[in-house]
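Protein chains in written order, with the working numbering: chain A, 10 to 217; chain B, 10 to 217; chain C, 10 to 217.
Keep in mind that the hints are not guaranteed to be accurate.
Copies of the same chain look alike in the list, so a pair counts if it works inside one copy or between any two.
As the list claims (entries may be wrong) - In silico DSS-like links for lysine-lysine, alpha-carbon gap of 27 Å or less:
no., residue 1, residue 2
1, LYS37, LYS157
2, LYS37, LYS118
3, LYS90, LYS118
4, LYS90, LYS157
5, LYS37, LYS90
Please keep in mind that the hints were generated in silico from the structure rather than gathered at the bench.
The residues making up each chain are set out below.
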Amino acid sequence: MEITFLLIVEIIGTLAFAISGIRLAAVKRFDWFGAYIVGLVTAIGGGTIRDLFLSTTPFWMLNYWYLVVTAIALGLVIIFKRYLVRLDHTVFIFDTIGLALFVVIGMQKSIDFGFPMWVAIIMGTITGAFGGVLRDILINEEPLIFRKEVYATACIAGGLVYWLIAYCNGSTVVQQVACATIIIVVRVLSVVYNWSLPVMGNDSKKKN
Amino acid sequence: MEITFLLIVEIIGTLAFAISGIRLAAVKRFDWFGAYIVGLVTAIGGGTIRDLFLSTTPFWMLNYWYLVVTAIALGLVIIFKRYLVRLDHTVFIFDTIGLALFVVIGMQKSIDFGFPMWVAIIMGTITGAFGGVLRDILINEEPLIFRKEVYATACIAGGLVYWLIAYCNGSTVVQQVACATIIIVVRVLSVVYNWSLPVMGNDSKKKN
Amino acid sequence: MEITFLLIVEIIGTLAFAISGIRLAAVKRFDWFGAYIVGLVTAIGGGTIRDLFLSTTPFWMLNYWYLVVTAIALGLVIIFKRYLVRLDHTVFIFDTIGLALFVVIGMQKSIDFGFPMWVAIIMGTITGAFGGVLRDILINEEPLIFRKEVYATACIAGGLVYWLIAYCNGSTVVQQVACATIIIVVRVLSVVYNWSLPVMGNDSKKKN
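In isolation and in its complexed conformation, chain A is listed as follows:
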């Protein structure tokens, strides 16, 4: 039952990530193949980097449904293009839930591989946030998460809560639920209240 629930959440998260990549590829007028690859890289790129760092086979080589879900995402964007814009809030919600789940998956896998918690936090953040960095490299843009949004920061905050609860001997389920909740809350609040991190390079202009 829990496996089924997690699987559904992972599918929805993969779908949301892939749609976000495909829509950016559409803005750049890539062809269908290019859009598919950009969507795929957005959805599985972070986990792929994580698995290379963990010296293990990339997860999507063991299960083809990530490719299928990305194909469905491509079909949805092609067919329902105009309606998707009106669904921006829905996509945002799914994207945020997917982000939270990806971080938890990345952290758990790193811990299972025997790495300490600080490595797990980095791997969780990479799993959640670095598919988007690869996406931005492929479409030849400066990575969005380095400039505009509280995104990776939410992952790190969730990872620290995971650590804190582990430190207090909380159960794994509590760690995971709390981590995911914090990520969703921080990300939603940051968009609602327009939070952002300080920008580099302002000082000289403001203070001089």
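Given the coordinates of chain A, work out where chains B and C should sit on it, guided by the hints.
Frame of chain A, contents of chains B and C only:
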């Protein structure tokens, strides 16, 4: 004898891929070292990604002639720059033969590592087409294969034929020859008849 | 004692590499997180590529002080921004010493893993120079080392000296010191005398 023939084809393919990378680096006015690296990445980048995904040592670390062939490609471009432009068709033919061979090599290696056919098709396509993606990232351009040409699509078509013949219990040699032939035919026809994949993002303008 | 000395040099080199990345991120007006990642990638990116190619766990996953040093670098750039400009020569010296050390570390690790000397030279060069390439990809610029500076060339020169001394049965310490010295000398001389490699693509304009 077959090994010798395959080796010659692989050398020619590596040379053609490296020349294509070095010529693009020349357009960007990179220095000799930069052009060499761009040529090398074009030639061996796809196979390197494949080998990292297969959790094995990149093939070019076991045999230095890929580096030597790239150095020869650099010398050829520097010395015969003006003549190479007239040889565009020859370079295209070699590039296409190299592409077909690289896909076959990538598929065979994945199968030898015990992966299923759908992974082999992806690895073949990565071997053939993703050196060019890395090249375009290095020269800071949007990847060409995402916009203009039937290139990766030819690899996938060849891979599907490989699969089909394997499914029909055809011998390995027949699979490989048919796969390579399809790739060459699809790519040549796509250039002759100016085939391309549908582009994303047209719909709103055409249909509204 | 030697370990302590090497460790101090490695910390200083990491700090110098991270500062160079963070300053470029500041020019692009990345936020603090983005600047931290760019600094980190500059400092550890080359060694990470090397470790992936050597099929081993990236070195920074086994020791968290690389992350700490990069955080210190971020703090230094934020606090002492104006003064750092005046320290350009100091940063250059540290950067060059770090480069030399990183190449030696990369070569030694490859040899310890049983690879031949020509692979070690490539891995040393990757360790020293490719963090900067990843940095330039992240900030969406053409890689600097492909256009402007004698940088990777200095690494290769040092690597060849390492090889030569190994060939003449010189001790490991002599190999390492000579390699590092050559890199520092070549790099300093190249900046002082404004050396550069020939640029591709001049010929047609000059000779026609």
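Against the structure, the hints come out as follows:
In this homomeric assembly, LYS37 and LYS157 come within 27 Å of each other (Cα to Cα) both inside a single copy, at 20 Å, and across copies, at 12 Å. When the C-alpha separation of LYS37 and LYS118 is checked against a cutoff of 27 Å, the pair qualifies neither within a copy, at 35 Å, nor between copies, at 34 Å. In this homomeric assembly, LYS90 and LYS118 never come within 27 Å of each other (Cα to Cα): the closest approach is 36 Å inside a single copy and 39 Å across copies. In this assembly of identical chains, the alpha carbons of LYS90 and LYS157 lie at most 27 Å apart whether taken from the same copy (25 Å) or from different copies (22 Å).
Within a single copy, LYS37 and LYS90 get their C-alpha atoms as close as 15 Å, which meets the 27 Å cut-off; across copies the closest is 33 Å, which misses it.
Violated hints, listed in ascending order, are 2, 3; each of the other numbered hints is respected by the structure.
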